[in-house]
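Engineer: Below are the chains, spelled out letter by letter.
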Amino acid sequence: MTLMLYPTVLATGFLSLPTITSQYAQNDLWMTGFLSFFMGFISVHAAVRLHELYPNENVIQHSERIVGKLAGKIIGTIFFLYSIHSTGTIIRLYAEFVNGSFLFKTPILIIISSMVLLASISVRGGLETMARSAVIFTPIFIFSLMFLLLLIPDLDARNIFPILSHGIIPVLKGTATPQAWICELFFMTYLLPSLSDPNKGRKWGNLALVAIVLSMAYVNLIVLFLFGPDTKDKSYPVLVAFRYISAAGFFENLEALLLAMWVVGNFVKISVFFYAAVLSLAQTLHLSEYRPIVFPMGILAILFSLWDLPDSSRLGTHLRYIAPFEIPAVLTLIPLLLLLINRLRKI
Amino acid sequence: MKLALFTGVTFAALLILWCDWPRMKEKPTKDKAAFVSLLLIGWLLSMLDLPNTPGPITLLEAIFKPFRGLVEK
Numbered sequence: 020m021t022l023m024l025y026p027t028v029l030a031t032g033f034l035s036l037p038t039i040t041s042q043y044a045q046n047d048l049w050m051t052g053f054l055s056f057f058m059g060f061i062s063v064h065a066a067v068r069l070h071e072l073y074p075n076e077n078v079i080q081h082s083e084r085i086v087g088k089l090a091g092k093i094i095g096t097i098f099f100l101y102s103i104h105s106t107g108t109i110i111r112l113y114a115e116f117v118n119g120s121f122l123f124k125t126p127i128l129i130i131i132s133s134m135v136l137l138a139s140i141s142v143r144g145g146l147e148t149m150a151r152s153a154v155i156f157t158p159i160f161i162f163s164l165m166f167l168l169l170l171i172p173d174l175d176a177r178n179i180f181p182i183l184s185h186g187i188i189p190v191l192k193g194t195a196t197p198q199a200w201i202c203e204l205f206f207m208t209y210l211l212p213s214l215s216d217p218n219k220g221r222k223w224g225n226l227a228l229v230a231i232v233l234s235m236a237y238v239n240l241i242v243l244f245l246f247g248p249d250t251k252d253k254s255y256p257v258l259v260a261f262r263y264i265s266a267a268g269f270f271e272n273l274e275a276l277l278l279a280m281w282v283v284g285n286f287v288k289i290s291v292f293f294y295a296a297v298l299s300l301a302q303t304l305h306l307s308e309y310r311p312i313v314f315p316m317g318i319l320a321i322l323f324s325l326w327d328l329p330d331s332s333r334l335g336t337h338l339r340y341i342a343p344f345e346i347p348a349v350l351t352l353i354p355l356l357l358l359l360i361n362r363l364r365k366i
Numbered sequence: 042m043k044l045a046l047f048t049g050v051t052f053a054a055l056l057i058l059w060c061d062w063p064r065m066k067e068k069p070t071k072d073k074a075a076f077v078s079l080l081l082i083g084w085l086l087s088m089l090d091l092p093n094t095p096g097p098i099t100l101l102e103a104i105f106k107p108f109r110g111l112v113e114k
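Residue numbers (our numbering), protein chains in the order written: chain A, 20 to 366; chain B, 42 to 114.
For the record, the hints were derived by calculation from the structure and aren't laboratory data.
All C-beta atoms, glycine included, are put in the ideal place defined by N, C-alpha and C.
There may be inaccurate statements among the hints.
[Stated by the list, open to error] The list that follows gives simulated cross-link-like pairs (lysine to aspartate or glutamate, EDC-like), each with its CA atoms no further than 16 Å apart: (1) A/Lys219 / A/Glu71; (2) B/Lys66 / A/Glu308; (3) B/Lys71 / A/Glu308; (4) A/Lys222 / A/Asp330; (5) B/Lys73 / B/Asp61; (6) B/Lys73 / A/Glu308; (7) B/Lys43 / B/Glu113; (8) B/Lys68 / A/Glu308.
[To be verified] So, partial list: chain A residues that the calculated Cβ filter (under 7 Å) puts toward chain B: (9) Gln80; (10) Gly186; (11) Ile188; (12) Leu191; (13) Ala230; (14) Leu233; (15) Tyr340; (16) Ile341.
Bound-form chain A, shown alone (with noise of 0.2 Å):
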């Protein structure tokens, strides 16, 4: 479960959050990974406390036992319009950096539906497969990281000061962002029923939570070193930062591997947020299973990737100012309040 959990935040997470979190805070971005911490215990914890309440059941099955039928069914769609929603935008964020950084010429609808049917056939061969694939694919994601580790001569650890010199309010400006990738964590409601010991859950998740934020440090922590103000002026620091990495005479365009690590990783994150929101329209309806209807909502997901997404800058605004808000309020907020009502029900 973590192997699944751990793309599925990073993986668009090493795309865009390093620009965003640097046009905040500037050279304090490394914070922001340390503070959107306290989010994410929120989130692993409103998952796995829902689960213990109401064993082998996710999120849209409680909410019809917490707050019945009728409001359990509008909960059920708003996750899964969430979901199918941030599946859309999530593949379009990237497509657009596959087509903008590597395949110039691919019209981008080869990238999204490529990617969306390799997601399908994943998630309609099930939890298991998906399972597999991350067991394959999140370790080749986490070992390329450690190519990032070539540049330490190059590395100049003064780009670090002056710690905090605006204050705190930058920084916690720009955690806005961070802390919505981190709420994604809460898709191990989904994971968790089809734990072969579930009360590992909380342990599994918290570990998910801390490699996750020691990894956006870690990557905040190299690109600040390597460009210093320069960050922000970068679409993708990363991909700057790993066409930099030149060791030996040997190790050089590393960005094909980067790429490699991205299709990857993304994967991984795409199935898991396709199965959210193929199970949790088949949950609200009631179906008996959920596979016929995935490859529909596969063509369903390439166009909400490309529904009232004309550019890429449309989607940039959409990550900065509306998503810091979008994410926590479906899926920490929703939770918490459930578990709340059902406090309040027990009394």
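Based on these hints, arrange chain B on the given structure of chain A.
Structural biologist: Below, chain B without anything else, positioned relative to chain A:
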């Protein structure tokens, strides 16, 4: 309407219908209805000029407009 997208979606929808309908025959009516309506919604949506149509992002922008000042630089 982007013709490439529309023909692609039509083709994909027909393919999915053709491949999965035998499996759907024994399922309850609700499953069949969900399957067909999802395909139908997708097909109808692909007729619009999607990148320029106001959609979920515009809706979310309208909902979260009061909070925008918190994250504006």
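Engineer: Compare the structure with each hint and give your call.
Structural biologist: Structure-based check of all given hints:
Between A/Lys219 and A/Glu71 the alpha-carbon distance is near 11 Å, which keeps this suggested pair within the 16 Å criterion. Between the alpha carbons of B/Lys66 and A/Glu308 the distance comes to roughly 14 Å, so the proposed pair stays at or under 16 Å and holds. Between the alpha carbons of B/Lys71 and A/Glu308 the distance comes to roughly 11 Å, so the proposed pair stays at or under 16 Å and holds. Under the criterion of a C-alpha separation no larger than 16 Å, the hint pairing A/Lys222 with A/Asp330 is inconsistent with the structure, at around 41 Å.
Straight-line distance between C-alpha atoms of B/Lys73 and B/Asp61 comes to about 10 Å, which keeps the hinted pair within the 16 Å bound. Straight-line distance between C-alpha atoms of B/Lys73 and A/Glu308 comes to about 11 Å, which keeps the hinted pair within the 16 Å bound. A hinted pair counts as satisfied when its Cα atoms are at most 16 Å apart, and B/Lys43 with B/Glu113 does not qualify at roughly 35 Å. Only pairs whose Cα atoms come within 16 Å are accepted, and B/Lys68 paired with A/Glu308 is accepted, the gap being roughly 9 Å.
Taken as an interface hint, A/Gln80 does not check out: its beta carbon lies about 17 Å from the nearest beta carbon of chain B, beyond 7 Å. Given the 7 Å rule on beta carbons, the hint for A/Gly186 is violated: about 14 Å separates it from the nearest Cβ of chain B. Contact between A/Ile188 and chain B, as hinted, is not supported at the beta carbon level, the nearest pair being about 11 Å apart and thus beyond 7 Å. A hinted interface residue such as A/Leu191 counts as satisfied when its beta carbon comes closer than 7 Å to some beta carbon of chain B; here the least separation is about 9 Å, so the hint is violated.
For the restraint placing A/Ala230 at the interface with chain B, the shortest Cβ-Cβ distance is roughly 26 Å, beyond the 7 Å limit, so the hint is violated. About 25 Å separates the beta-carbon of A/Leu233 from the nearest beta-carbon of chain B, more than 7 Å, and the hint is not met. Interface hint status for A/Tyr340: upheld, as the beta-carbon distance to the closest one in chain B is roughly 5 Å, under 7 Å. Hint on A/Ile341 holds. Least Cβ distance to chain B is approximately 5 Å, under the 7 Å limit.
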